[in-house]
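A.B. asks: So the chains spell out like this:
2 protein chains.
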Amino acid sequence: MRAVVMRNHKLSVDDLPIPQSGPGEVIVKTLACGICGSDLHALKYTEKLVEASHRSGGAFTMDLTRGIVMGHEFCAEVVEHGPATKKTVKAGTRVCSMPVIISPTGVQTVGYSNENPGGYGEFMRLTEGLLLEVPNGLSTERAALTEPMAVGLHAVQMARLDKDDAPLVIGCGPVGLSVIAALRMKGVRPIVAADFSPRRRQLAEAMGADIVVDPKEKSPYSSWREVAVWPDPSRAPQQPPWVTGPAVRPAVIFECVGVPGVIDHIMTAAPQAARIVVVGVCMEKDAIEPMIGINKELNLQFVLGYNREEFAQTLRNIAEGVIPTDPLITGKVGIEGVAQAFEDLASPEHHAKILVEPWRS
Amino acid sequence: MRAVVMRNHKLSVDDLPIPQSGPGEVIVKTLACGICGSDLHALKYTEKLVEASHRSGGAFTMDLTRGIVMGHEFCAEVVEHGPATKKTVKAGTRVCSMPVIISPTGVQTVGYSNENPGGYGEFMRLTEGLLLEVPNGLSTERAALTEPMAVGLHAVQMARLDKDDAPLVIGCGPVGLSVIAALRMKGVRPIVAADFSPRRRQLAEAMGADIVVDPKEKSPYSSWREVAVWPDPSRAPQQPPWVTGPAVRPAVIFECVGVPGVIDHIMTAAPQAARIVVVGVCMEKDAIEPMIGINKELNLQFVLGYNREEFAQTLRNIAEGVIPTDPLITGKVGIEGVAQAFEDLASPEHHAKILVEPWRS
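Chain order of the listed sequences is Y and F. Per our numbering: the first sequence = residues 3 to 363. Per our numbering: the second sequence = residues 3 to 363.
Next up, chain Y with everything else stripped away, as it sits in the complex (with noise of 0.2 angstroms):
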């Protein structure tokens, strides 16, 4: 099959093998794929993510010396049920699944691994009882987004909101889109968002952010503020006697930037008492300072992936129109185009998400 293949950090399009299905898997064909940050990240720092993965406790095992298929963001078709296959899922049907194959040896990934080529090639195999049906009616490139926006429907889960904490999110790329439609689907409002990018503030509106900032014209946390003071400032609960300044809601910021120095900005900006979740991916060491987070009582949470149940009821809430997913697509390419795409996704002037379409020509 033709997919595309990275090897020594470059992408180059190759003849592999298509994949043999194992015990409980199934072979599918490739109908779209989104081009993730990730994936973009790891191109460039595969070593690293291997390494970093390797000593947390992580699944991306990957030989960099042999070559990998990314892709993780998909929607297939089922063509062939391998053996100890149940066929609950006919061959014809489009599905979305989580990037992950579950074996009897443990859990791999679809997309980093030497092993299970991801939706950059033309066949995937994938385990059964993941697979997840496309409802009638809902285009193959809706269903791609799943993947992408499940990420910020599990962001929004683990801010434990409250419906009177007042967010803010930092970088309007995919993941911070993908944090505004779960932020807009949750009804926890005013959403402001920031960007330096006309594009992407543009993208942000669309997807249903109330107010966006242009950080070079006013600070986030200015805007924030204007619209974040208590109504009713009796509701407010009692802040320590230092803080000056009228009440606001407690904060909740999003980091989907993910560069070094943005988690030190943020907590330097950030209001008593904010609570921050890190969704943006920096893959280098980074500096904070400890003093800041205590002297305003911060919390920094953390958090990778979603859930089996967030990944269903993403895949439904885009069925059912719930989040909006039009904006988002502003290319598509073939397997030939990839390597283009990469390059043209570093520029944030032009695009959110590039859906790779293995049997365009």
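Think of the hints as simulated: they come from the structure by calculation, not from any bench. From a predicted model like this one, the values you see are computed outputs, not experimental measurements. Be careful, since some hints might not be right.
Copies of the same chain are indistinguishable here, so a pair counts whether it falls within one copy or spans any two.
To be verified - DSS-like mimics (lysine-lysine), calculated; alpha carbons at most 30 angstroms apart, straight line:
hint, residue 1, residue 2
1, 89, 287
2, 334, 92
3, 220, 50
4, 220, 334
5, 50, 218
6, 287, 50
We have chain Y already, so just place chain F on it with the hints.
C.D. replies: Below, chain F without anything else, positioned relative to chain Y:
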């Protein structure tokens, strides 16, 4: 009055005017005042403390060119009532108070301020409304432990502990010992505590730690894991499929060291989904690896001080013997001995808490 004055990173004994009481304030005679690790920090990093406090909306607004009388862990005796006081607490009564003064112009700290000398001097001015009477039968020196013991109670409250949580205390200086006492009082056990110093490990046991670990001999995280395994695995919440080994109870790790590198070390060694409560005050920039936090979905809760209820509850707890205090007081000095006591406290082998008794000759 005689007092220990901090100026230009040095301590010296000076004669100062007795403070004047403003409206709603009383003058008290200092009976005993503990030396806090924060005072050692403040002596070394005064500018940094003021600057970080300023940037994070804190209350430390010292003018460093003028002298400062530190000391915020005190028990005192009321000697004179200022104007507009209610005189609910009679002269001669022994009292404790949170080390702050609440005035019409705002809140000021006692002991980190040019205007409000702390307990390393013979007299202080305090806000009448904040005074707590020391119960009959409770010794002055135990009452002086209210402030440092309230720090541990607050940290444990902020940890939002559940009965299934398994705590680990990293560092058994006064802050760690205070956390251990609060954990023991809450009945969240077994309590695993680690420190390189044999003396501090001994104190940790005396304060209620169930298992003490010398990190030179064995990893505190291995010791923790051994006792944190679920006795009944069927009660364990589901772990991510890639996490191997027997299911362990949720980890709550208290960072009570406060030097650069410790947070990163804890993040790297912590189990999946651990909550890390940062109680130790690190005054310098510090490096972390966000990727490790993300892979494990760690939570970092920074904490500071205590609130009014926690402070009052701690005094009651000490009076009722609910938390042990006897092991803590390892030395007493007069005003002339404070500078030497600061040096002695830099080494963990000899002391937990040294009390300053300004009237001691």
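A.B. asks: Run through the hints listed earlier and report the numbers of any the structure violates, in increasing order.
C.D. replies: As far as the earlier hints go, 1, 4 are violated by this structure, in ascending order.
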